[in-house]
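Sequences listed follow chains A and B, in order.
Residue 19 in this note's numbering sits at position 19 of the first sequence, and the numbers go up by one each step.
Residue 35 in this note's numbering sits at position 35 of the second sequence, and the numbers go up by one each step.
Hints may contain errors.
Here are some, though not all, of the chain B residues that point toward chain A, as calculated from beta-carbon distances under 10 Å [as the list claims (entries may be wrong)]:
(1) E8
(2) P14
(3) M16
(4) F20
(5) T24
(6) R165
(7) A175
(8) R224
(9) T226
Since the hints were made in silico from the structure, they are not lab data.
Yeah, the Cβ is synthetic: ideal placement off N, Cα and C, and Gly gets one too.
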Amino acid sequence: MSNDSAVRFRGVSATVGGRTVWSGVDFTVDAGQFAAVLGPNGVGKTTLLKAILGLVPTSAGTISVFGHRPGADRSRIGYLPQRHAFGPSVRIRGIDIVRLGLDGERWGTPLPSWLQGSKGRAAAERVREVIRLVGAESYAHRPVGQCSGGEQQRLLIAQALVRRPDLLILDEPLDSLDVTNQRSVSALIQSVCRREGIAVVMVAHDVNPILPYLDRVIYLGHGGAVTGAPEQVITPEALTALYGTPVDVLRDRMGRLVVVGQPDAPPEHPHDPEAHA
Amino acid sequence: MSPTSLLEDLFAYPFMVNAFQAGTIVAVAAGAIGWFMVQRRQSFAGHTLAVIGFPGAAAATWLGSNPAVGYFVACIGGALIIAALPHAGHIGGETGGVGEESAVIGTVQAFALAAGFLFVSLYQGFLSGLNNLLFGTITGVTTSQVQMLAVAGIASLTLLAVIARPLLFATIDPAVAASRGIPVRAVSGAFLVLLGVAAAGTSQVTGSLLVFALLVAPAATAVRLTARPDLGIALSVAIALMVTWAGEAIAYFSPYPIGFWVTSIAFAAFLAASAVSALRERRGRRRQRRTKEAVA
Chain A
1 MSNDSAVRFR GVSATVGGRT VWSGVDFTVD AGQFAAVLGP NGVGKTTLLK
51 AILGLVPTSA GTISVFGHRP GADRSRIGYL PQRHAFGPSV RIRGIDIVRL
101 GLDGERWGTP LPSWLQGSKG RAAAERVREV IRLVGAESYA HRPVGQCSGG
151 EQQRLLIAQA LVRRPDLLIL DEPLDSLDVT NQRSVSALIQ SVCRREGIAV
201 VMVAHDVNPI LPYLDRVIYL GHGGAVTGAP EQVITPEALT ALYGTPVDVL
251 RDRMGRLVVV GQPDAPPEHP HDPEAHA
Chain B
1 MSPTSLLEDL FAYPFMVNAF QAGTIVAVAA GAIGWFMVQR RQSFAGHTLA
51 VIGFPGAAAA TWLGSNPAVG YFVACIGGAL IIAALPHAGH IGGETGGVGE
101 ESAVIGTVQA FALAAGFLFV SLYQGFLSGL NNLLFGTITG VTTSQVQMLA
151 VAGIASLTLL AVIARPLLFA TIDPAVAASR GIPVRAVSGA FLVLLGVAAA
201 GTSQVTGSLL VFALLVAPAA TAVRLTARPD LGIALSVAIA LMVTWAGEAI
251 AYFSPYPIGF WVTSIAFAAF LAASAVSALR ERRGRRRQRR TKEAVA
């Protein structure tokens, strides 16, 4: 059983600073499945990811990650936190950032690979391989601060993938990317997830770029959550039940989903008129 | 004058041998630790620690003990206090990290300078003591001071070698580093102590106010020239060594103080590297544009 389910939540509640962020959350993500954590700002999407990582204590229920408590085995998890881009002053190459994902937490000094023998060559080869996998060969040797947002995001996904994780935790990896890059990075995540059988749990601001790929949706709101397949969750009925007020789900001509009427969370993104679907 | 007689002349006095030994130890430590400081954007913290060293050394002189001990006690103590402050684990980031704290740190710097000045006037020694503490001296390094610097240098470089990789990870990406189980706060605190040791050691060559010549300038120069960590650290150490040796040699043959020469040479290296990297960037952009046009 623990072989199949990567992440399992059973009646989990999280309390941050004395405030219950959400409670009674149930869901399972299996190996090779692509799950999205959705919901308006401030409902605790990042908190949910941190609970999986064991960085935030839970106040009720149980979480199991590959059959263990969260944080017990970090080596099987690749994590990409929400971020602002590396500024132009960050003077370190993309390939170095990917390499940190391989052994960055080991004590000691990073030596040039020609001083490390066969182990160093194998590590360097793995780094090259994962850079090829995300298609970052042409800019991996440039200082990361000079790479575009989409290029930086690919390098960071490579960093999260370099240790061949079984679970990938991504916090808004599409944020601050343009539409073309949103689409190609989504497709990249999906293909890696399918090909390597990696479970993906990803926080998304907008469900549309990833909607075709999703197996599971965890929709947070109003202190609770609805979870299930996207066509079961992103519906007027399910979301109305979640919020307790009428919510509509509209589909535009392009087939994009727009959620209307969900109670607004604090206006953290006033510049973003798009619906938080 | 032939090169050999030049060298014989240079090392004719034991104080010059001491100065070169001290300078070499300090340059290696400051070059390596400075590279991490520049990457972490903690130059302001480094400067503060150096300034805190001044009243420590002045107090030690006044109380009749070794100023070198005063530098080390004050700088390491200051580092421990900064590490204990909330948010000390935070590094640079987009806001520069210090934000509102910069006002507090600036106030502390002013107080440290004032307190150092008080100790110097209490000592009632000759005025050059003040100059030496603030701007460095070539004649003042004793043999026991060299030994102390050697111990501090070896200890700090050993600690740096042990924490280097997690420190780099915590510098570039604190959130991911923490998720991998790196004790980010402890590593940052340990680095501040290393920075304190480097500031205290460098102060004894360049004086408290010119510490940046060895702690920042070589590292900032190296970072402009390469984005490779291993090469960058090696380059930073090499530049610090060249700057120190050249500065000490010129200071010996000229009537002007060592602090001026070391700082001027470091500044020249920094300017040259900035010019090189600006040129390289412009050429890179032009090449990029050309490839884009070729593709289109």
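Which earlier hints can't be squared with this structure? Violated: hints 1, 2, 3, 4, 5.
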